Each structure stands twice: as structure tokens, then as C-alpha cells.
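Visitor: Sequence:
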Amino acid sequence: MNNIIFTKRGGIALCLFLFWGVNASAQDWESITTPINSNLILYDISFPKGQDEVGFTGGAHLTYNGHGTIMKTEDKGATWNVIYQSNVNGTGVSSINFLDLQKGFAGTQAGNIMTTIDGGANWTSSDLDPNVDQGEIRAIVFYDENRGVLLTGWEGVYVTEDGGSTWAPATTDLTGPAYSITYADEQVLFAVGNQQKIYKSTDGGYTWTTNFTGNNSGNVNIGVDFSDVSHGLVTSEEGNIFVTTDGGENWTGYVVPNQNGLMRGALVVDENVMYATGTPGTVYKSINGGVNWTQETETDFNPSYYKIIMTESGHLFVSGSGATGGTILRKLAPAPLSVSMAITNVSCNGESNGSIALSVTGGVAPYIYIWSNDAMSSEITGLTAGTYSCIVIDAAGVLLESDTFIVSEPPAIDVSVVVSDETIEGLADGAVDVTISGGTPGYTYAWDNGASSEDLESLEDGTYCLSVTDANGCSSTTCATVLAGVVSTTNIPNLTAFRLFPNPVITNQGATLQLQFSESSDIKVEVINAQGTQVYDFTDFNTVSIQKPIEVMALPAGTYVVKVIDLENGYFVSKQLIKVK
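Residues in the sequence shown are numbered consecutively from 0, following numbering that gives the first Met the number 0.
In short, the hints are calculated from the structure, not lab data. The structure presented is a predicted model; accordingly, all values stated were derived computationally and were not measured. Misleading hints may appear alongside valid ones.
Claimed, not checked - Listed below are the simulated DSS-like cross-link pairs for lysine-lysine, each with C-alpha atoms no more than 27 Å apart in a straight line:
1. K547 / K574
2. K102 / K284
3. K562 / K574
4. K102 / K71
5. K547 / K562
6. K75 / K102
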């Protein structure tokens with residue numbers, strides 16, 4: 000098996016998938032009950048950058064007057080363990096953010112910042128300003144390991160540039176409680192709060208101005224998120240959401256259907272895909288930039304969701320609460336779509352028995368296959384040599400196009416022979432020397448005289464046919480004719496040698512005549528075809544030795560007689576010459 004690297008491709012095949020896979024939305028959200036199974040609200044959730052396995056969530060235990068609770072998972076949210084629990088009233092954890100596996104921050108409802116540098120095993124608590132009642136710390140967000148902001152419940156924004164060691168107050172015109180804050184890029188941030196207001200900073204969070212106010216000043220904007228500096232989402236009350244595609248220059252309002260409660264969490268994956276959470280326990284998804292929304296979760300999930308996040312691998316997590324206590328909702332992204340292939344090449348030149356078999360893992364089954372030869376299965380057979388490619392579409396909307404697959408074939412078996420005729424008729428000293436190329440080495444030989452060697456020796460005149468079979472079972476047959484030697488030199492008393500070579504002769508190849516005499520002779524040479532017509536001749540006088548080409552290249556394939564005539568006495572001798580294509 001060979002691994003194949005794929006690249007994304009749009010076009011008609013994608014349209015085919017979308018029609019086929021429209022119901023492949025995720026009915027695979029899981030509701031995971033945490034160890035504290037009653038009266039716990041989990042307000043926030045955080046997975047460190049680059050992490051899918053390890054995450055943290057924080058909340059408040061209502062039974063104990065807001066005692067703070069922090070939990071940790073090390074298995075992608077399948078199970079959660081309590082790593083911190085306060086026994087002090089009003090210390091509920093309202094926000095949490097981990098920069099890495101060791102360093103994290105938690106904001107409390109009492110306005111304190113809790114810090115850990117050992118993965119949550121130990122926490123230290125500090126106050127932003129002991130002389131100011133900041134209200135709860137509702138959001139802690141970092142752009143990188145140094146720059147971050149936090150949002151307090153009473154109109155306060157604080158900025159850090161040293162990884163949270165110190166926090167400086169920002170200048171804002173926030174009015175009333177604020178709820179969420181997010182980075183759009185390094186310098187641009189947005190925050191939301193009462194009176195359907197949206198606030199914007201363009202200097203890294205140090206100064207803020209009102210960016211937008213909704214039509215219903217009695218409503219509250221709860222969640223905000225941006226995927227880049229242009230595309231953002233704000234969630235509000237009564238199913239209202241606001242979307243911008245130009246960095247807050249303009250906001251467009253939409254209403255999520257069948258949602259009359261608070262829309263809390265906001266997540267923007269890209270310019271098209273967005274998520275929002277609300278009450279009762281619902282998760283909504285848009286795939287067209289917030290214009291239309293569909294409900295992703297079942298109606299029996301917990302009644303209130305607060306924060307939704309996506310890890311770098313695409314796993315979705317939602318923190319929530321309800322009758323069964325603190326609950327995490329998760330939807331794991333499928334494993335990356337991976338395709339392996341096995342190619343069976345054509346066994347013999349010109350045949351059509353090649354195949355390509357794809358093995359697909361990851362993604363979401365079932366899969367659609369669209370081959371360059373219009374086949375639509377994971378394996379294609381009966382292939383001739385050539386190049387092929389395939390588009391694989393899974394049920395989650397991932398479309399991948401393969402590199403080119405090459406089905407090869409061996410070259411045709413080529414059998415070339417060199418024939419040595421008998422020197423004297425009946426002497427059985429002829430031979431056939433065979434050279435094989437092409438096919439797949441590992442040849443076997445089957446002569447029609449029963450021999451199994453590559454070459455033949457000690458041959459009488461006659462035709463000998465050879466079948467060559469290669470290692471793949473491909474075969475080729477050729478025949479060679481060994482001509483008899485001079486019948487008798489007494490017909491031309493002074494002729495001592497008469498040779499024609501090569502014989503047979505192939506197209507575009509000439510034949511050579513070799514004659515040897517014991518004394519000077521006057522001779523004529525004629526070439527006669529099977530119909531008895533002379534097609535070539537020459538004469539030579541007073542010769543003892545001749546080695547001369549016979550002009551047969553222009554002649555058609557067939558059997559010819561080469562006749563040598565002694566002009567002094569009319570004696571002659573002849574041999575067959577065979578020309579093949």
C-alpha cells in the first residue's frame with residue numbers, strides 16, 4: 000500500500016456531494032455529565048493551543064452560594080475530574096483560559112484572578128484593584144502568550160502584555176454590564192453587553208468606542224466571536240444575532256428560528272460556518288454566513304449553554320448547565336480523511352486486467368468515488384495501461400482529489416533470431432540463436448521439436464517454431480527456417496562455399512551473398528520469386544570470391560530462390576531466401 004496526498008477541489012463534484020450529504024449534519028453531539036451532577040453551571044471552557052486531549056472548564060456550584068469549581072479532561076472531554084473547588088461563597092469561576100498545559104487563568108464572580116503554573120494543581124488568587132468593585136471577571140482572552148485582555152462585569156477592560164503578570168485598565172465608553180470580548184486580529188477587538196451594544200478597539204484593547212447599537216435597547220448581547228478581522232458574529236436575546244463581513248463597519252441582524260431565549264455562545268469558524276448556543280439547550284449552525292440557521296442538538300439536552308469553542312483539530316465543545324448539573328457537550332471532528340491505494344499493473348502488453356483499489360479511513364462514511372473513467376466504486380478493474388484519478392467525497396463534506404495513479408504494462412515480448420544454415424546439406428550443423436527482450440524476465444522456452452533451451456544447435460534444414468513465456472504468463476511465438484547447404488558442389492565444380500545471411504531477412508534489412516571458388520569463374524546470380532519471376536540479377540567475371548549485398552529490401556515478404564549460374568558450362572546451384580515482415 001502507498002500513501003496518497005490529496006488536495007481540495009471545488010466544482011461539480013462538490014455540488015453532487017452537497018445534494019447527497021445534506022443530512023450529514025452532526026447528530027453526533029454527545030452530552031457528557033461531569034462529576035458534580037446537580038446545580039453546577041459551567042460558564043467557560045478552554046483547550047490550550049495545539050491541544051485536543053487536555054482541556055479545562057470552570058463554573059459555580061449554586062447549592063453552595065457560588066462555590067468555584069474547575070475541572071480537567073485528558074481524553075478529549077470524555078471524562079472530567081475536579082482539580083479545584085472553593086468552599087468560599089461567591090467564588091464561582093465565570094471565565095477560564097489556559098495558554099499551555101501548565102499556565103492558566105480563571106476569573107471569579109468576586110472579581111479575582113486565579114493563576115496556575117502547574118496545570119491547575121495549585122492556584123493563586125489576586126485582585127485587579129482592591130479599591131474598585133469590578134464585578135465578576137466574565138472573560139479572559141489571549142491573542143498570544145503575552146498579549147491578552149479581560150472583561151469585568153462592570154464596564155471594565157484590562158490589558159496585559161506580559162502574559163498576565165500585570166494588567167492595565169483600558170479607556171472605555173462601555174455602559175452597563177459587559178459579557179464577552181474577543182480578538183479579531185492583533186490590534187482589533189470587539190466586546191458586547193447591555194442595550195444590544197457592540198464595542199470596538201483598534202489599539203490592542205487600550206481604548207474602546209461604541210461600534211453598533213441594536214434596535215432593541217432592552218435586549219442584551221451575550222456572545223461575540225471573529226474568525227478574522229472582517230467576519231464576526233454577535234448573539235443576543237429572543238433569537239437575535241448580528242453578523243458583520245467588514246470588520247464592524249456594518250452589522251446585519253438575523254433571527255434564529257424557534258429560539259426565543261438568550262443566545263449565549265458565539266463561534267465563527269470561517270466566513271460561512273458559524274455556531275450559536277442558546278436556551279433551552281440548543282446548538283445552532285449556519286453554513287451561509289449567518290443568514291440561515293439549523294438546530295444541531297436534540298431538544299432533550301440541557302437547558303442552558305454558555306460557551307462554545309473549537310480546537311485546532313475541529314473538535315467542538317460547549318459548556319452548560321441544567322437539572323443534571325454541569326454538563327459538557329462535545330462533537331468530535333472525524334479523523335482526517337486518509338486514502339491508501341493498491342495498484343495491480345497490466346500483466347501482459349496490450350491486455351486489460353489492471354486494477355486500482357482504494358482504502359478510505361477517517362472522514363465520515365459513506366464515501367462517494369468519482370473516477371476519471373466514470374467508475375463510481377472504491378475499486379476499479381479491467382484497466383488498460385494508463386493514468387487514472389479519483390475524487391473521494393465523504394458524508395461530512397470533505398472533498399479530496401487524488402494524485403494521478405499510473406497503471407503500467409510490460410513492453411511486448413520481442414524475439415529476435417539469427418539463423419545459421421547448414422553448410423552442406425545433411426551435415427546438420429545449422430543453428431538458431433535467440434535474443435529476448437520485453438515482457439517480464441523469467442522466460443521459459445518451448446520449441447516445436449521438444450527442446451526447452453533458448454538456442455538450438457546441430458540443426459538440419461527445416462522450420463523451427465519457438466513459444467516464449469515470461470514470468471507473468473505472457474507468450475510470443477516466432478519461427479525460424481534453417482536452409483539446406485549446397486546440394487552438391489559438383490554442379491559447379493569450382494564452387495567451394497555458398498552462404499546467404501541473415502536468413503530469414505526482415506523488412507528494411509538486406510541480405511548478403513557470399514561465394515568462394517577454387518579458381519576464377521564467370522558467374523551470374525539470379526533472385527527468383529515464388530511465381531518463377533526473376534526479380535534481381537547481377538553478373539561477375541573472373542571472380543574467385545564474392546561478398547555482395549542482394550537488393551531485397553524493396554521486395555515483399557515471401558520465399559525466394561537465389562540461383563548461382565556458371566556461365567562457362569551452364570551449371571548452377573540454388574538456395575532459398577526467406578523474407579519476413
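Visitor: Work down the list of hints and note, for each, if the structure agrees.
Guide: Evaluation of the provided hints:
Between K547 and K574, the direct Cα distance comes to roughly 16 Å. Compliance with the 27 Å bound is thereby established for this hinted pair. Straight-line distance between C-alpha atoms of K102 and K284 comes to about 32 Å, which puts the hinted pair past the 27 Å bound. Only pairs whose Cα atoms come within 27 Å are accepted, and K562 paired with K574 is accepted, the gap being roughly 7 Å. Our distance criterion of 27 Å between C-alpha atoms is met by K102 and K71, whose separation comes to about 13 Å.
For the given pair, K547 sits about 14 Å from K562 by alpha-carbon distance, which is consistent with the 27 Å threshold. Annotation: proposed proximity of K75 to K102 holds, straight-line Cα distance about 19 Å (limit 27 Å).
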